[in-house]
Amino acid sequence: LAGDEQSAPPEARTSGTLGAQVLRAITQIQEMMQPEDEDDEPDLAGAKAELDELYERRFERMNDFEKSTVLSFYTNYYLTTEDYPGAIGIYEQMLDIETLREDTRLRTYRSLGQLYAAEEEWQKSIDNLEAWRDLSIEEDTIVFRNLAYGHYQMDSIVNALPHWLDFMNLSLDLGMELGRDDYGFLNGLYFGLEDYESARDLTKTMIVKFDDRRDWQNLSAIYAGLDNEDRRVQSLNLYYLKGFMEDEVRFLNLGQSLAGIDAPYTGAKIIQEGLDGEAVEADVDNLTTVTQMHLMASEYASALVPALVAADLDETGDGWDTVGYIHYVMTNYEESVTAFDAAIEKGDLSNEADTLLFLSRAHLELRNFDEAEAAARQSSEAGDERATTAAQNFIRAIDGRRTFHNTIAGRKADAIDFYESYPPLR
Numbered sequence: 068l069a070g071d072e073q074s075a076p077p078e079a080r081t082s083g084t085l086g087a088q089v090l091r092a093i094t095q096i097q098e099m100m101q102p103e104d105e106d107d108e109p110d111l112a113g114a115k116a117e118l119d120e121l122y123e124r125r126f127e128r129m130n131d132f133e134k135s136t137v138l139s140f141y142t143n144y145y146l147t148t149e150d151y152p153g154a155i156g157i158y159e160q161m162l163d164i165e166t167l168r169e170d171t172r173l174r175t176y177r178s179l180g181q182l183y184a185a186e187e188e189w190q191k192s193i194d195n196l197e198a199w200r201d202l203s204i205e206e207d208t209i210v211f212r213n214l215a216y217g218h219y220q221m222d223s224i225v226n227a228l229p230h231w232l233d234f235m236n237l238s239l240d241l242g243m244e245l246g247r248d249d250y251g252f253l254n255g256l257y258f259g260l261e262d263y264e265s266a267r268d269l270t271k272t273m274i275v276k277f278d279d280r281r282d283w284q285n286l287s288a289i290y291a292g293l294d295n296e297d298r299r300v301q302s303l304n305l306y307y308l309k310g311f312m313e314d315e316v317r318f319l320n321l322g323q324s325l326a327g328i329d330a331p332y333t334g335a336k337i338i339q340e341g342l343d344g345e346a347v348e349a350d351v352d353n354l355t356t357v358t359q360m361h362l363m364a365s366e367y368a369s370a371l372v373p374a375l376v377a378a379d380l381d382e383t384g385d386g387w388d389t390v391g392y393i394h395y396v397m398t399n400y401e402e403s404v405t406a407f408d409a410a411i412e413k414g415d416l417s418n419e420a421d422t423l424l425f426l427s428r429a430h431l432e433l434r435n436f437d438e439a440e441a442a443a444r445q446s447s448e449a450g451d452e453r454a455t456t457a458a459q460n461f462i463r464a465i466d467g468r469r470t471f472h473n474t475i476a477g478r479k480a481d482a483i484d485f486y487e488s489y490p491p492l493r
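In my numbering, the protein residues as written are 68 to 493.
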């Protein structure tokens, strides 16, 4: 009898509707995940248990629409609990549904692209986003942006660039506002490709739009990449004039750069401003730098102030050697001798022979011939062959000056004696 025959299992339905049993189960699960009463807490654990039971009991017999619906609830659960690997697995399973609606497939590819990016699986993110583009008749700003990020993370800047440009252009076409970070990422791509001309043009645009200190700062770096030293210094000077400069490196960089283009006085003023504002550390190196720049500008009195501070801080005698030189060119010969003596006493000089020779010069200007000769002889013994030759030549000059001085002094004495022999006029 037909009634005695074993019934075959029902085949899975392929219609795009929810069966009554699936609908009831899904409705209950939705109520557990999103209660109508806002005061009720979602029962995510209970909803997951109901989903698992429904899946085990009926999934294989569901039509494709029912399967996609159940899987969508799974993705909602995993996304709510921030279980991204779990959500990825469900989305991948959803793509296996042959009759999956096109809009659902598009959302799935897009979601997988974002989730794989969150898990830093960049190639899989790119693959799914490109699959979305192949299927979609429209473009999407988020897809372009995530494609650019993905290629960038894989160190493929050359592939990231066109996607980011598409993101920016499409955003503008849609009337969306782009922020400085959007332009900044594009500039970073240009830097990575060493396309400094494009970076320069974009940075100028950013300065007009945002007037941000970072863009003024980048402009000088771009001109450095273009080997345009004059423009680099000009842009760095504008950065300073706008009051953006706060760090030691740029104060020193600008000051020394100005000295390099024959503006040492201005450069020294800028570094001194950094020292006064404590942006530049008042250590030996920086004080010596500003001293040297004042010397380049022939501003000897201005050079003396930082030089004296540096001399006290310097563990070697070089600081006092500089002070001695400044006093020497200012014709303060006694102060020069004192400073050179302090330099020699402190020791560890970079060029002891040179210090001794300048000490000899200062003594000679004071007509301390014996002290000048002694210092010159020490210089002759302290240096190399060239220094020895210079010292010996100077010893001969000392002898000549001494002879000349003695001759003049003798004639002066004779003249005094001559006139003293005559009786005074009445």
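Calculated directly from the structure, the hints in this document are not laboratory data.
Careful: at least some of the hints might be erroneous.
[To be verified] Quick list of the computed label-pair ranges, beta carbon to beta carbon: (1) 281 to 405: 46 to 56 Å; (2) 294 to 163: 54 to 64 Å; (3) 246 to 194: 24 to 34 Å; (4) 220 to 123: 20 to 30 Å; (5) 344 to 206: 49 to 59 Å; (6) 472 to 305: 25 to 35 Å.
Ideal placement from N, C-alpha and C gives every residue a C-beta, glycine not left out.
Each hint, compared with the structure:
Distance hint check: the CB atoms of residue 281 and residue 405 are about 50 Å apart, consistent with the given range 46 to 56 Å. Checked against the hint of 54 to 64 Å, the pair residue 294 and residue 163 passes, with Cβ atoms roughly 57 Å apart. In this structure, residue 246 and residue 194 meet the distance hint of 24 to 34 Å, their C-beta atoms being roughly 29 Å apart. Separation of residue 220 from residue 123 is about 39 Å and departs from the stated range, judged on CB atoms against 20 to 30 Å.
In this structure, residue 344 and residue 206 meet the distance hint of 49 to 59 Å, their C-beta atoms being roughly 51 Å apart. Taken as a hint, the range 25 to 35 Å is violated for the pair residue 472 and residue 305, whose Cβ atoms sit roughly 58 Å apart.
Against the hints set out earlier in the document, violations occur for numbers 4, 6.
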